[in-house]
Structure formats: structure tokens, C-alpha cells
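Asks: Residues per chain are reported as follows:
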Amino acid sequence: MTHILQQEVPLALYLLLSAVLFSLGIVGFLIKRNLITVFMSIELMLNAVNLSFVVFSHQWHAVKGQIFVFFVMMVAAAEAAVGLAIIIAVFRARATLAVDRIDLMKL
Amino acid sequence: MHLILFALFAALCLAGAVNLLFQTHPINSALSLIVVMTSLAVLYLLLGAEFLAAAQVIVYAGAIMVLFTFVVMLLNAGREERTLGSRAYWAVGFPAVAVLLAILATVVLHIQGLGSAAFGDSLSNQPGQTNLEQLSQVLFTNLLLPFEVTSVLILVAILGAVALARHTEPERTVGK
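In order, the protein sequence lines correspond to chains A and B.
Be aware that the first sequence starts at 1, since it is given in the numbering used here, and climbs by one per residue.
Be aware that the second sequence starts at 1, since it is given in the numbering used here, and climbs by one per residue.
In case anyone wonders, no lab produced these hints; they're calculated from the structure.
Every value quoted in this text rests on a predicted model; they were computed, and no experiment measured them.
Just so it is clear, CB atoms sit at the ideal spot from N, CA and C, and this is done for glycine as well.
Be aware that a few hints might be false.
If you want the footprint, here are the derived chain B segments under chain A, 3+ residues with CB under 8 Å [claimed, not checked]:
no. : stretch
1   : 17-26
2   : 36-45
3   : 53-63
4   : 66-79
5   : 106-112
6   : 142-156
One-sided and incomplete, this derived list gives chain A residues near chain B with beta-carbon spacing under 7 Å [said to hold, decoys possible]:
no. : residue
7   : Leu5
8   : Leu15
9   : Leu24
10  : Asn34
11  : Val38
12  : Ile42
13  : Gln66
14  : Ala89
A few chain B residues facing chain A, derived, Cβ under 10 Å [what the hints assert, rightly or not]:
no. : residue
15  : His2
16  : Leu101
17  : Gly115
18  : Asp121
19  : Ala161
20  : Ala163
21  : Ala165
So here's chain A without its partners, still in its complex pose:
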């Protein structure tokens, strides 16, 4: 029992989790048909990248990786505010959130 309590976790597992989360974010970006959910998938990808930053910061004992995550969080907050405002503006103009119906810029 003490064996499992003292077990260390290889950092490769964390990186693998980060890779899987990033891929799930891409899949969500591809298959979701709602503008807000597509935006959420982007946030999921940002979070996956943040996790690998923290993992490498732990690996190299370098605090700059964590600071980078801090900046990513700030930029993500700004991006979410502007992005959601754009979504509201699009909804006002087109009265829909389905990405298939927002196709003015398509050829």
C-alpha cells in the first residue's frame, strides 16, 4: 500500500494527457456546429498547451514556463471577451449561431 502512495508519475504521462486534450480540442473544433462550442474547443486547446508549459517548467526547474502560462491566461481572457462580443454581434446580424449559416465570406 505504501508502494503505490510513494509512486512517482513520469512527466511523459502529463505530456501525453496534454496531447490528447489538444487533439480532442481539434476534434471539437471540427465537429461542433455551434459557434460558442467551437470557441470552447479553442479554449480547451489553449489549456492543453498550458499544461505542457507547466510540465516543462517542472522538468527544467525554470519558472519562466509558469510565467508564460500566466501571460497565456491573460491573453485568453482578453480573447474570450472580444470573441464573445463578436459572437453577440454575429447573432444580432444573422439571428443564428450555427456555423453553417454564417457563410457570407465563403466562396
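Put chain B on the given structure of chain A with help from the hints.
Replies: Showing chain B alone in chain A's frame:
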């Protein structure tokens, strides 16, 4: 202890991410994204990033996701429609994602010299130094200018959000 916590919260994280994909209503997707972000905060804590764990809960799971749920409620977003357009993403997107995941996994599993994380790890070599001390020392000396510039970015983002989301109807009726 580390292994148990990692397995538990990594599983929760993946379950939340998969649930995000399978839910058809945006509010359910938003709630599962909150689960993902909170479990990631626990993983940050396990990796010795206490400040980021707190910031993750406050900024991501708190502020950003509240904004998301607020917009979902405001726009009264209903159930997702079935797609009307092409299904090219089945043929192109999924193989591309599978290849990307395979490449990432191969690279990650072949990295030489990657260490492991134990319970109660911290970044610092000095015993008394906390993560927050270490982080703020670099942030407020070497990286002070980027930090201050970010506040300008946030200000511009607020102004942009207000300008974009504002009603423009009243201006049309001015001439009457």
C-alpha cells in the same frame, strides 16, 4: 499519492473533454469545460505551480467560463443543429487529427531524460522559497514591461468588447 491523484484527475479531465464533444446543448459543454479546467488546476498543483492553480480556478473556471455561460444564456442558444454543409471533415479532419496525435505521442514517449513528478515537488532548490515568491521575483523584475503591456491589452480588449457588443439601433433613429 501523486499517482492516485494524477490518475483520478487526468481521468476526470479526459471525461470532461469527451463529454464536451458529445453534448449537443452548449450549456452542458460549458459545464464540462469547467470540469476540465478545474481538474487541470489540480494537476498544476501536483506539478508545484500553486499560483497557476489558483489563477486557473479564478480566471479560467471563474471569469472566462462565467462569460461563456452568460453569453449562452443571453443568446438563448438552443440545441445544436445537424450540419448542412459538407462532411469533408470526416474524410480529411479525423485522419489529420489521428496523425497529429500519433506524432505527438511518439515524440513525447521518446524524449530522453524526462524526469518524473513526486508528491510535494516544488520548483525551487532553496527550501524556504515558495512558488509565488519565485514567480513574482521574475515577473516584477525581468518581465515588468511585458506585464504592464498586458494591462494595456486587457484595457483595449474591454473597449473592443464594449464597442462590438453595443446596440447600434438608436443611431438610425436620430434623424427622425
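Asks: Work down the list of hints and note, for each, if the structure agrees.
Replies: Here's how the hints hold up against the structure:
Using a Cβ-Cβ cut-off of 8 Å, 5 residues of the stretch 17-26 of chain B lie near chain A, which meets the minimum of three, so the contact claim holds. Judged by the Cβ-Cβ criterion of 8 Å, the stretch 36-45 of chain B is covered by chain A as claimed, because 5 of its residues qualify and three suffice. With 5 residues having a beta carbon nearer than 8 Å to a beta carbon of chain A, the stretch 53-63 of chain B meets the requirement of three or more and the stated coverage holds. Given a C-beta distance limit of less than 8 Å, the hint that chain A covers the stretch 66-79 of chain B holds, as 7 residues qualify and 3 suffice.
Only residues whose C-beta sits within less than 8 Å of a C-beta in chain A count toward coverage, and the stretch 106-112 of chain B has 3 of them, enough to reach three; the restraint holds. Counting residues of the stretch 142-156 of chain B whose C-beta lies closer than 8 Å to any C-beta of chain A gives 6; at least three are required, and the coverage claim holds. Given the 7 Å rule on beta carbons, the hint for Leu5(A) holds: about 5 Å separates it from the nearest Cβ of chain B. The closest approach between the C-beta of Leu15(A) and any C-beta of chain B is roughly 4 Å, which is under the 7 Å cut-off, so the hint is satisfied.
A hinted interface residue such as Leu24(A) counts as satisfied when its beta carbon comes closer than 7 Å to some beta carbon of chain B; here the least separation is about 4 Å, so the hint holds. Taken as an interface hint, Asn34(A) checks out: its beta carbon lies about 5 Å from the nearest beta carbon of chain B, inside 7 Å. Nearest Cβ of chain B to the Cβ of Val38(A): about 10 Å, over the 7 Å cut. The hint is violated. Residue-level restraint check for Ile42(A) is violated (minimum Cβ-Cβ distance to chain B is 11 Å; threshold 7 Å).
A distance limit of 7 Å between C-beta atoms decides the matter here; for Gln66(A) the minimum to chain B is near 5 Å, and the interface restraint holds. The interface hint given for Ala89(A) holds, since its Cβ lies 5 Å from the closest Cβ of chain B, which is under the 7 Å cut-off. Taking 10 Å as the C-beta contact cut-off toward chain A, the hint placing His2(B) at the interface holds, the least distance being around 5 Å. For Leu101(B), the interface hint holds, the least distance from its beta-carbon to any beta-carbon of chain A being 4 Å, beneath 10 Å.
At its closest, the beta carbon of Gly115(B) sits 6 Å from a beta carbon of chain A; the interface hint therefore holds under the 10 Å criterion. For Asp121(B), the suggested interface contact is upheld, since its CB lies about 7 Å from the closest CB of chain A, less than 10 Å. The restraint placing Ala161(B) at the interface with chain A holds, with a minimum CB-CB distance near 4 Å, inside the 10 Å limit. Restraint check, Ala163(B) versus chain A: the minimum CB separation of about 8 Å is within 10 Å; hint holds.
Proximity of Ala165(B) to chain A holds as hinted, the smallest CB-CB distance being about 4 Å (cut-off 10 Å).
The structure does not agree with the numbered hints 11, 12 stated previously, though it agrees with the rest.
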